[in-house]
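Next come the chains, spelled out residue by residue.
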Amino acid sequence: MEILAEALPALGDAWGLILQPIVLGYLVLGVVMGLCIGVFPGLGGIAGLSLLLPFMFGMDPILGLALMVGMVAVVPTSDTFASVLMGIPGSSASQATVLDGFPMAKKGMAARALSAAFASSLFGGLVGASFLTIFILVARPVVLEFRTPELLMITIFGLSMVGILAGRVAIKGIVAAGLGMLIGTIGEGASSGDLRMSSYDFPYLTDGLKLVIVGLGIFAIPEIISLLRQDRAISKTTQLGGGWLDGVKDWFANIWLSVRCSIIGVVVGVIPGLGGSVVDWIAYGHSVQSTKDKSNFGSGEVRGVIGPESSNNAKEGGGLVPTLLFGIPGSGSMAIFVGAIALLGSGQIEVGPAMLQNNLDITYSIVWLLALANVVGTLICIAASGGIAKLTTIRFALLAPFLFMIISFAAFQSGQNLMDLVALFAIGLLGILMRRFDWSRPAFLIGFVLSDPAETYANQAVQIAQSRFRSGMSEGLEYIFTPIVIVLLIITVLSVVVGLRQAKNILAEGDVQSGSKRAPFIFMLAVTAYIAYAYYDAASIPSYSRDRTFPMFVAGVCLVGCAVLIIRMMLRPETDTIFADREREGDDASATHSLWSTLAWFAGLLILTSLWGFIIALALFLFAFMRLRAGVSTAFAALYTVAGIGFMMGMAWLLNRDFPPGLLQEYVDLPWPLT
Amino acid sequence: MSILKTTRRVAAGLVAAAAATFAVQANAGGHGIDLSGKTVEWIIPFSETGGSAKWANFYAPLLSEALPGQPTVVVKFMPGAGSTKGANFFQEQSYDDSEGTLIFGSSGSTQFPFLLGDPRVKYDYADWNVVLASGTGGVAYLTPEMAAKMDGLNAAPLQSESFIYGNQGATRLDLVPTLAWEMLGLNVESVMGIKGRGDGRLMFERGEANIDYQTSSSFLSGVTPLVEAGTAVPMMTWGSLDDDGNIVRDPTFPDMPTFKEVCEATDGCETSGEKWDAWKAFFIAGFPAQKMVFLPNGASNDAIVTYTKAFEEVQARADFAEISAKRLGKYPQMTGEAAQTALESATNVSPEAKAFVVNWLQEKYGVSLNN
Chain A
1 MEILAEALPA LGDAWGLILQ PIVLGYLVLG VVMGLCIGVF PGLGGIAGLS
51 LLLPFMFGMD PILGLALMVG MVAVVPTSDT FASVLMGIPG SSASQATVLD
101 GFPMAKKGMA ARALSAAFAS SLFGGLVGAS FLTIFILVAR PVVLEFRTPE
151 LLMITIFGLS MVGILAGRVA IKGIVAAGLG MLIGTIGEGA SSGDLRMSSY
201 DFPYLTDGLK LVIVGLGIFA IPEIISLLRQ DRAISKTTQL GGGWLDGVKD
251 WFANIWLSVR CSIIGVVVGV IPGLGGSVVD WIAYGHSVQS TKDKSNFGSG
301 EVRGVIGPES SNNAKEGGGL VPTLLFGIPG SGSMAIFVGA IALLGSGQIE
351 VGPAMLQNNL DITYSIVWLL ALANVVGTLI CIAASGGIAK LTTIRFALLA
401 PFLFMIISFA AFQSGQNLMD LVALFAIGLL GILMRRFDWS RPAFLIGFVL
451 SDPAETYANQ AVQIAQSRFR SGMSEGLEYI FTPIVIVLLI ITVLSVVVGL
501 RQAKNILAEG DVQSGSKRAP FIFMLAVTAY IAYAYYDAAS IPSYSRDRTF
551 PMFVAGVCLV GCAVLIIRMM LRPETDTIFA DREREGDDAS ATHSLWSTLA
601 WFAGLLILTS LWGFIIALAL FLFAFMRLRA GVSTAFAALY TVAGIGFMMG
651 MAWLLNRDFP PGLLQEYVDL PWPLT
Chain B
1 MSILKTTRRV AAGLVAAAAA TFAVQANAGG HGIDLSGKTV EWIIPFSETG
51 GSAKWANFYA PLLSEALPGQ PTVVVKFMPG AGSTKGANFF QEQSYDDSEG
101 TLIFGSSGST QFPFLLGDPR VKYDYADWNV VLASGTGGVA YLTPEMAAKM
151 DGLNAAPLQS ESFIYGNQGA TRLDLVPTLA WEMLGLNVES VMGIKGRGDG
201 RLMFERGEAN IDYQTSSSFL SGVTPLVEAG TAVPMMTWGS LDDDGNIVRD
251 PTFPDMPTFK EVCEATDGCE TSGEKWDAWK AFFIAGFPAQ KMVFLPNGAS
301 NDAIVTYTKA FEEVQARADF AEISAKRLGK YPQMTGEAAQ TALESATNVS
351 PEAKAFVVNW LQEKYGVSLN N
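Chains as they are written, first to last, in the numbering used here: chain A, 1 to 675; chain B, 1 to 371.
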């Protein structure tokens, strides 16, 4: 009661602040900017907020907040476009949306998938805000209950979603996840800075691979290449079925799923240090487990869109708790947000433990601005989805170069290094092969995303627990086996058991025929070789360093899995599911163009970039591709090239970004954008 | 009025017409460089999330107003390899290419690998031209149970306790607190893999760590409320340097004892000898001149003067004391001669101090820097 007496007036004040025309105007401005930026994969809230930062100094706090919150809130909404229409995970918030959203687009139901996603986003955002309004008052002690063992357990729970997404051969899925984790450990270890699979002579890898690159490489490139080979539009049917109203109806029919996933989103979002990376997978897993007929997952089940999308906007609200109450940003964009708040109003607002006492009205304003921004953003998105969905009927050869351009630019932004593009290409090749041989790419990505928290929390929990055990057995046990850990442990075990039993029915990436033995077997051996080398590499780190333990453990488990798979491959006939190969039958096998010639176009862009820098390379690439591969007229190709280059330069200029330089730039100083 | 003004500012920014639209005409020309219509890139070799980002974001708009011609000042983040990537990049830039439109912000985490001879360091502070040096301090704090065991300033009763500390990395700024605690004879176990000091504080709040340190500004915003709530007790500051190079009480926390005072009161802790000298050398490298702004190699004297004047002008603002106290703490913001002196003391440690720390890191953490 006492809490309410304090909260209600603050809530009233907050609404008083928000409901001023000028504040709403700023909010809408922020939303529109956020939508424009969020549509492009890999840019997201960080780029947008950095753009706003210079204007925050001395600005009226509530106006600045409206602008920034408007922008942050809609990024997870608008990146749905890329996920659903192109199969490109726009940010970590929409990885799981790709799994069912993109197949729906291929079936010609893009508008339906989009509007279902947006309705879920909207609802998730509102549920999240309502929940937070109460929860934020009691959140501090709750959040502090999540110590390292609990964080580790949540990470493991997230990893257990691999069980559901493992595909028809469960061990293959587990090895895929392990491979993702091993790729995630590349670079300097967090504990004593020992290098894994990298060296200071080749500095690029010492920082590890970025999620943008791995996400784009593993999901987007294989899909783009595959569509390009078939030389058709994304949608198989020219008549787009399922208007936006159907999507909203779909959402309403699954409203309880949406409620549950929103709560999952907000609760997981509240926990500092994990947030974004696991939430959509947990929501996806929950959607699968709570659906009776699981046969459509992976081939366009609308519940697979509703679940993750409900959770990812709610998560943004949840992420405010660690950000505002502890001053510990839950994500990169939240970190800039904190920095910007400090700039507002000459620093009257200080995020951190004192936020609730001193600025409860501001806190509530932020929570509800976020919800309101969701509403505005979603309405705009739904209104636009029908039109934008028509993109899926355009011949893909016309879209592909543009997409290559965008993802190359996005990948380059992560490290501002030409090696970013090489890494994108390498991971893309891995993604293509994993897709071809039916290795679970979602499992790989979950492994990659959770590799770092899993390793860090495991090392820390072990170290702290050891110290506790030294002071007494009961103290140590008390530290590890808290009620939260036990509950999470039970849920995890159940979800693994149930998941593995059901995994055979969930073809996250469609059915794949089996054929000859040779190609799948060679890929299997290559994966095994990498894992074995990763094991050897980790084992060569001195034994007192904690940085060797995790990769050795993961690689060890994977090697056992690989051995089982290899034995099975030797024993079974070539029709066994283990020899799945997309090149045998289906869309890929009957495609107009071969895999390698299509990939060569992308490689060409890369090589040209390394020679002459991105912009010159892009101009040549766009023109040549249009003229030769897409077979359009010279005039059209030239126009396309000019438009593409102009667009790219506009983006880079607005965001103050550079382009990858090549060899030419080493010798000659060229003016921007050719630098 | 302020609303109108900000509206115009945002609008101007969106079309990138820049702040020049309603810039106040300032005293440009004369001896300095004119930057009107230019964009100054301020490279920060860290991510958008750290303390250096806050510092640069604080100064950027002020600098923009104070520089002749009111250029747009944008902060460009170039994280990687614990700031050595950005610093190596800056080393390769020559002044002639940028003509005053490129500056670099370094931090203690850039200084330490340089001092310790990290194999990745390809930069040399001697090539750069300092135009601003910002100091800070640090505060160590304890749980109330542990603090109660201290005997006044004497930390000897804590020597039988076991401590856990969330550590960002053996060779980072964290080596100043960990070495200090070791000198006091405390048994502190470092839990590695903390992403920032904020995570360390969270670990403390969760009851997993029972000793922690924060830089001054983070202490003010993050720990002061805990102290008021009785869940944390300040133990000591690292202190501050007076003009003669002596460690004195931190002006931001005049009521807290310095490490030097605690050390003097604690049996077994010496404020002389190689260990102390090494600690002091790394403290000086890490805190009193923690963050610095540089122009690249070969900068003209005009440019150095222009930037120095601009930073002086920023600090001469009537509201500077007020707006900076909260964001940066009450620490010297040095320009000109003072900045040069600060740079020299921050980037020169005696070979003995370096050898001691390198050896200590090897023995304590198994970190090998001699390659």
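These aren't lab readings, by the way, just hints derived from the structure by calculation. These figures come from a predicted structure and were not determined experimentally. Hints should not be assumed to be uniformly reliable.
Which residues of chain A face chain B? A few of them, derived with a C-beta cut under 8 Å, are [to be verified]:
hint	residue
1	Arg147
2	Tyr200
3	Gly339
4	Ala354
5	Ser474
6	Glu475
7	Pro542
8	Ser545
Ideal placement from N, C-alpha and C gives every residue a C-beta, glycine not left out.
Going down the list of hints, with the structure as the test:
1. Arg147: holds, 5 Å
2. Tyr200: holds, 5 Å
3. Gly339: Status holds, d = 5 Å.
4. Ala354: With a closest approach of 4 Å, the Ala354(A) hint holds.
5. Ser474: Violated, because the Cβ-Cβ distance from Ser474(A) to chain B comes to roughly 16 Å (cut-off 8 Å).
6. Glu475: violated, 12 Å
7. Pro542: holds, 6 Å
8. Ser545: With a closest approach of 6 Å, the Ser545(A) hint holds.
In summary, the structure is inconsistent with hints 5, 6 from the numbered list given earlier, while agreeing with the others.
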